[in-house]
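Use these hints to put chains A and X onto chain E, whose structure you have.
Protein chains in written order, with my numbering: chain E, 1 to 355; chain A, 1001 to 1355; chain X, 2001 to 2355.
Incorrect hints may appear among the rest.
In silico DSBU-like links for lysine-lysine, alpha-carbon gap of 30 Å or less [claimed, not checked]: (1) X:LYS2079 / E:LYS178; (2) E:LYS332 / E:LYS116; (3) E:LYS332 / X:LYS2092; (4) E:LYS92 / A:LYS1178.
It should be emphasised that the hints constitute simulated quantities derived from the structure, not laboratory data.
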Amino acid sequence: MFLKNCWYVAALDHELMDGRLLSRRLLGEHVLLFRGESGRLFALNDRCPHRGALLSQGRREGDAVRCMYHGIRFDGTGKCNQIPGQDLIPPKLRVPSHPVVQHGPFIWIWMGDPAKADPALIVDLPYLEDPAWKGIPAYLHYDANYLLIVDNLSDFAHLAFVHTRTLGGSEEYAFVSKPTVIERLPNGFRVERWHRNSDSPPFHRKVVRDTGKVDRRNIATMLIPGIFTMETLFVAAGGDPLAPGAREYRNCQFMTPETERTTHFFWSYLNNFEQQDSTISRSLLNSLIEGFMEDKAIIERQQITLEEDPSFQMLAILADGPLAHFRRLLGKLIDAEQATEGSQATGARPIGASA
Amino acid sequence: MFLKNCWYVAALDHELMDGRLLSRRLLGEHVLLFRGESGRLFALNDRCPHRGALLSQGRREGDAVRCMYHGIRFDGTGKCNQIPGQDLIPPKLRVPSHPVVQHGPFIWIWMGDPAKADPALIVDLPYLEDPAWKGIPAYLHYDANYLLIVDNLSDFAHLAFVHTRTLGGSEEYAFVSKPTVIERLPNGFRVERWHRNSDSPPFHRKVVRDTGKVDRRNIATMLIPGIFTMETLFVAAGGDPLAPGAREYRNCQFMTPETERTTHFFWSYLNNFEQQDSTISRSLLNSLIEGFMEDKAIIERQQITLEEDPSFQMLAILADGPLAHFRRLLGKLIDAEQATEGSQATGARPIGASA
Amino acid sequence: MFLKNCWYVAALDHELMDGRLLSRRLLGEHVLLFRGESGRLFALNDRCPHRGALLSQGRREGDAVRCMYHGIRFDGTGKCNQIPGQDLIPPKLRVPSHPVVQHGPFIWIWMGDPAKADPALIVDLPYLEDPAWKGIPAYLHYDANYLLIVDNLSDFAHLAFVHTRTLGGSEEYAFVSKPTVIERLPNGFRVERWHRNSDSPPFHRKVVRDTGKVDRRNIATMLIPGIFTMETLFVAAGGDPLAPGAREYRNCQFMTPETERTTHFFWSYLNNFEQQDSTISRSLLNSLIEGFMEDKAIIERQQITLEEDPSFQMLAILADGPLAHFRRLLGKLIDAEQATEGSQATGARPIGASA
Chain E
1 MFLKNCWYVA ALDHELMDGR LLSRRLLGEH VLLFRGESGR LFALNDRCPH RGALLSQGRR
61 EGDAVRCMYH GIRFDGTGKC NQIPGQDLIP PKLRVPSHPV VQHGPFIWIW MGDPAKADPA
121 LIVDLPYLED PAWKGIPAYL HYDANYLLIV DNLSDFAHLA FVHTRTLGGS EEYAFVSKPT
181 VIERLPNGFR VERWHRNSDS PPFHRKVVRD TGKVDRRNIA TMLIPGIFTM ETLFVAAGGD
241 PLAPGAREYR NCQFMTPETE RTTHFFWSYL NNFEQQDSTI SRSLLNSLIE GFMEDKAIIE
301 RQQITLEEDP SFQMLAILAD GPLAHFRRLL GKLIDAEQAT EGSQATGARP IGASA
Chain A
1001 MFLKNCWYVA ALDHELMDGR LLSRRLLGEH VLLFRGESGR LFALNDRCPH RGALLSQGRR
1061 EGDAVRCMYH GIRFDGTGKC NQIPGQDLIP PKLRVPSHPV VQHGPFIWIW MGDPAKADPA
1121 LIVDLPYLED PAWKGIPAYL HYDANYLLIV DNLSDFAHLA FVHTRTLGGS EEYAFVSKPT
1181 VIERLPNGFR VERWHRNSDS PPFHRKVVRD TGKVDRRNIA TMLIPGIFTM ETLFVAAGGD
1241 PLAPGAREYR NCQFMTPETE RTTHFFWSYL NNFEQQDSTI SRSLLNSLIE GFMEDKAIIE
1301 RQQITLEEDP SFQMLAILAD GPLAHFRRLL GKLIDAEQAT EGSQATGARP IGASA
Chain X
2001 MFLKNCWYVA ALDHELMDGR LLSRRLLGEH VLLFRGESGR LFALNDRCPH RGALLSQGRR
2061 EGDAVRCMYH GIRFDGTGKC NQIPGQDLIP PKLRVPSHPV VQHGPFIWIW MGDPAKADPA
2121 LIVDLPYLED PAWKGIPAYL HYDANYLLIV DNLSDFAHLA FVHTRTLGGS EEYAFVSKPT
2181 VIERLPNGFR VERWHRNSDS PPFHRKVVRD TGKVDRRNIA TMLIPGIFTM ETLFVAAGGD
2241 PLAPGAREYR NCQFMTPETE RTTHFFWSYL NNFEQQDSTI SRSLLNSLIE GFMEDKAIIE
2301 RQQITLEEDP SFQMLAILAD GPLAHFRRLL GKLIDAEQAT EGSQATGARP IGASA
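Isolated chain E (complex conformation) (with noise of 0.2 Å):
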């Protein structure tokens, strides 16, 4: 069960090169992503209403993509306007077709009615085009549902002791700093955390030379439906936070459902020190992965223990309040949506519901 009335992340733009069929499952359905010699994007069901082959094995023509079972052609709308053999084309046989839209490196998606689909309603992350901050986008997949990351996310103690070594730094960081501010969004949620005179992070000190103590502000927002980011900055312990010179980073992370049981995990951290010197992009894009590495192994594993056992309902701690908003909000919206669709559907209680 997934909201359908909201953009998603699809792709990278790079997985768009070269007129590349890109065959991509998205909330349960098999998407043919591409763009036409024209350079427009495309996004159709990958599959051709004939027989049901993958379009995305298919050859691309223009505009066009031309299934290679039997020939039929279908245009980027999914209209069809080729039926080797046969001069009548049915009206019935064409392709269903989804709005895209690129921003930056990313390409979203709107999955729902196509007439809702605004392309106001991406969320507006500068950062990502302006040529001050430099990051390397990424991917990765997971084995689990998205709103297992969505939790992982928006509880900050857990860099404490999932990533002592890579992220966090210290598991001194889940006892002695508390969120300064979490503020409930209509959509959403932010969480401000300071983490004052300790040691720099693993992460952070493999790019800059700096040894001293720190003061650390973690600012992060999560988004309906999955859009997660945050702005990091550190500055010497006890220092100004709004003077120049503090190193800062900015975190976008989306979490697009492939299955209920699978995710597709989009990204980009960036840093505003780099200049010309792309090892720091380099070693932070690595930093990064590993840190993902060490959440990816426990949330691939809670999936697993989930549906073992359908009946197991997590039991919430304090800190667990945010990710209780955000998926009541989310619950609400997708009840709200199947209304609408007049659907019979009822209690979509998203997988691993607090008690």
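What follows is chains A and X alone, placed relative to chain E:
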């Protein structure tokens, strides 16, 4: 849901060499096939009725087989004739058996009511035992319902796109040639199609010297339950197909369901011009395998598509007339058979039926 | 459907060396087994009640374990005693625990009501702690329901056919020897069987010098829930079994369900004549593994057969009396336990019950 009262190919003769106990799943049932010491063929349910051990993991003794779990022995008709340490043999302790008949290199089995198993019902393919025709019988396994292979063989248009560089020869084939005859038979269909003044397809070009334009005639039949034969003839473009010296092929392919989602595919591709040069048969064997692998990639992916979304209804184009006829015919026969058996099963709609 | 109020073997002592956190699924439940720093044994449900992370991926701290997702710590009884960043500990935040007891090299667990877990109910096998008996405890995993292993051990006739060249010795065993005693016990059965004036079976021949004919006596018991013991004695043919110098073996095998379709198989095979020559134990270990592998091939295939056709009902022969008694007994105990628990579950027919 399969048609049971008909003959299916179960094995190739060389698979039963040297007293081998061959275990093969046919129409969902595990069957032990073997040739007794007397030379007679036997087919038994491959499950000891005592504790369910596989008889095919047992030992052939004359025309009998001994289960090597507790030593119980059954004759080739399935009758128990020894229980070690027990004198009385309970009459219930027996194994179901199936009629088996060999024709040429193919071993046929009857999975329905043995009383109805008339060998005269086996399709007559005289070239399989005629020394003027040469070929190498072979086997492939498909992870797909057998009807998806039947469908594939029912529309020659796929030759143009799937097999352009192997069995087809050009995409033109789909645009300029059309079936000249489509005959609906009481037990299948027959299609005739000419492709005139064209280049030879690659499989043919590899085994003949002539490089000029040719006329190519395909006459195909598809018979219940999944027996495909095709006569192919090549003459120089504009030549007389009845004049001696035409290069001809005889293709027979037998689809036998293993389960609802997997298929045994037996075949032989024979030619009338090989004489003593067996490299021709070997070249054709390899060309055909190459072509079948192209089909396999598409068909096995179709199977996944249909399983993922059982609500998907294929949309027919004009060329699908023969396959629609075949599926209707088969559906009726299965329904009739189910009704006769007094079974409660209804609606034996084969996988992926058209809307 | 398992009997829960009884002792099962959960682990071998060496599996908990060095503070290892052993995760093992028992009766369907993932259990964390560990020895605390104090030396005490603990068994906890292997799932953090907070977000479902595996406690076995956590860290042992004294007699406690800390979940390494958000740092929550539980003592060996399952009581939470620390939540980083939160002072109040909700009483609901606790992990179920199970009684565990060590006897010799085996660690036993009680999966039912802890209040009923009387260690005196554990089967008494004094040779496991008697230095006069030597053996090497070991473990095998089966992809089969544990009752199929119980069945296997209930009929000696399989020695003749499955283990001819390992544990059995000849097919003759099944024809000429019969149980002399079959005793139905309130908690299982006891079988005695002599095989007189026969060749030694291979496993015995490998560790003794005498090559003459022997009399072999097997006395086996099978006890609820799946505890097999066998006393084996060899004397020169016609000799006095009570005279000193008989070569004797003590075999104990413990079947513990992992899931409905998989089993943990713990065992030790001891001898009374090894003295200082440990090559005897090692030879026997290897002979037994060789024999068990022969069983495993058959039993795991039986499991597949039963899963494929749940309607299959095994047909009993005379030799199946003991196993039928055992399954009836176990079925009644499970039914009684279910009734006591007020569970709605009925008809706890074990897998593959005889017709």
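Taking the hints in turn, this is what the structure says about them:
The straight-line distance between the Cα atoms of LYS2079 (chain X) and LYS178 (chain E) is roughly 25 Å, inside the 30 Å bound, and the hint therefore holds. Distance hint between LYS332 (chain E) and LYS116 (chain E) is fulfilled; the C-alpha atoms sit about 19 Å from each other, no more than 30 Å. Simply put, LYS332 (chain E) and LYS2092 (chain X) have alpha-carbon atoms about 27 Å apart, close enough for the 30 Å limit, and the pair holds. Taking the CA atoms of LYS92 (chain E) and LYS1178 (chain A), the gap is near 24 Å; set against the 30 Å cutoff, the hint holds.
Violated hints: none; the structure is consistent with every hint.
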